[in-house]
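S.K.: Residue numbers (our numbering), protein chains in the order written: chain A, 1 to 116; chain B, 1 to 114.
Keep in mind that the hints are not guaranteed to be accurate.
[Stated by the list, open to error] Listed below are several chain A residues computed to face chain B (Cβ distance under 10 Å; list not exhaustive):
{"hint": "1", "residue": "9"}
{"hint": "2", "residue": "43"}
{"hint": "3", "residue": "45"}
{"hint": "4", "residue": "100"}
{"hint": "5", "residue": "101"}
{"hint": "6", "residue": "102"}
{"hint": "7", "residue": "108"}
{"hint": "8", "residue": "109"}
Calculated directly from the structure, the hints in this document are not laboratory data.
A quick note: this is a predicted structure, and the numbers were derived from the prediction, not measured.
We put the beta carbon where it would ideally sit given N, CA and C, even for glycine.
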Amino acid sequence: AQTVTQSQPEMSVQEAETVTLSCTYDTSESDYYLFWYKQPPSRQMILVIRQEAYKQQNATENRFSVNFQKAAKSFSLKISDSQLGDAAMYFCAYRSSRSNDYKLSFGAGTTVTVRA
Amino acid sequence: DAGVTQSPTHLIKTRGQQVTLRCSPKSGHDTVSWYQQALGQGPQFIFQYYEEEERQRGNFPDRFSGHQFPNYSSELNVNALLLGDSALYLCASSLGGLTRDTQYFGPGTRLTVL
Numbered sequence: 001a002q003t004v005t006q007s008q009p010e011m012s013v014q015e016a017e018t019v020t021l022s023c024t025y026d027t028s029e030s031d032y033y034l035f036w037y038k039q040p041p042s043r044q045m046i047l048v049i050r051q052e053a054y055k056q057q058n059a060t061e062n063r064f065s066v067n068f069q070k071a072a073k074s075f076s077l078k079i080s081d082s083q084l085g086d087a088a089m090y091f092c093a094y095r096s097s098r099s100n101d102y103k104l105s106f107g108a109g110t111t112v113t114v115r116a
Numbered sequence: 001d002a003g004v005t006q007s008p009t010h011l012i013k014t015r016g017q018q019v020t021l022r023c024s025p026k027s028g029h030d031t032v033s034w035y036q037q038a039l040g041q042g043p044q045f046i047f048q049y050y051e052e053e054e055r056q057r058g059n060f061p062d063r064f065s066g067h068q069f070p071n072y073s074s075e076l077n078v079n080a081l082l083l084g085d086s087a088l089y090l091c092a093s094s095l096g097g098l099t100r101d102t103q104y105f106g107p108g109t110r111l112t113v114l
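Bound-form chain A, shown alone (with noise of 0.2 Å):
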């Protein structure tokens, strides 16, 4: 079973600065792919950015980007600068490539503060 793990509950960013969250993943597979997604106060889980495995070049989405480590199986979001409509919780979510699995198994999540 893939496990994913968020090492950080919380983080704080001043408005416009950079903050980033990291995501570790445990898998026995060499295709799959991974999300983050936010969840603000309204919550509503919105997908942020997502990353195909097989692919080496890190995904980007406007001021959201990736670091995809694909040996250390570490995929960590950076945030760029921060507005105060980022303050959300962000949980990194992984998803098998197997026909027959198509679940998100997602991380305890991280809770970012944007301070003004």
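Start from chain A and add chain B according to the hints.
M.R.: Structure of chain B alone, referenced to chain A:
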């Protein structure tokens, strides 16, 4: 483009009762997954429905059951409610025929069991 919708928003039940939660997938999606999120934790996979069949199930007891309708909407039923069933229930939709499908989530239903 309508996103994933869920109803009701909040629900309060007592132990032993039964509850039904509803989900309508994002326009164009045919697959629905259900997750349980306890307070302060990450979501846990309950099951996924595709072509009106449960095609994968997580580690949840048989008290949790579901259904998918021909219009792809879905219901989650929980029987004999326990206090520990209090959680946010999230529905996610995706395109089942694609192996690289991304799951998009609804706003959730907050269930409180007293």
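S.K.: Taking 10 Å as the limit, does the beta-carbon of residue 45/A come near enough to a beta-carbon in chain B?
M.R.: Holds. Min distance 4 Å.
S.K.: Report holds or violated for the interface hint on residue 101/A, using the least CB-CB distance to chain B and a cut-off of 10 Å.
M.R.: holds, 7 Å
S.K.: Holds or violated: is the Cβ of residue 9/A closer than 10 Å to a Cβ in chain B?
M.R.: Where the cut-off is 10 Å and the nearest Cβ of chain B is about 9 Å from residue 9/A, the hint holds.
S.K.: Taking the least C-beta to C-beta distance, is residue 100/A closer than 10 Å to chain B?
M.R.: holds, 7 Å
S.K.: Do the numbers back the hint for residue 108/A, that is, is its least Cβ distance to chain B under 10 Å?
M.R.: Hint holds; residue 108/A Cβ to chain B Cβ min 5 Å, cut 10 Å.
S.K.: Next item in the hint list is residue 109/A. Is there a CB on chain B closer than 10 Å to its CB?
M.R.: holds, 5 Å
S.K.: Go through the hint on residue 43/A and say holds or violated, using the shortest Cβ distance to chain B against 10 Å.
M.R.: holds, 5 Å
S.K.: Does residue 102/A meet its interface restraint, that is, does its C-beta lie within less than 10 Å of any C-beta in chain B?
M.R.: Holds: closest Cβ of chain B sits about 5 Å from residue 102/A, inside 10 Å.
When the structure is compared with the earlier hints, no violation turns up for any of them.
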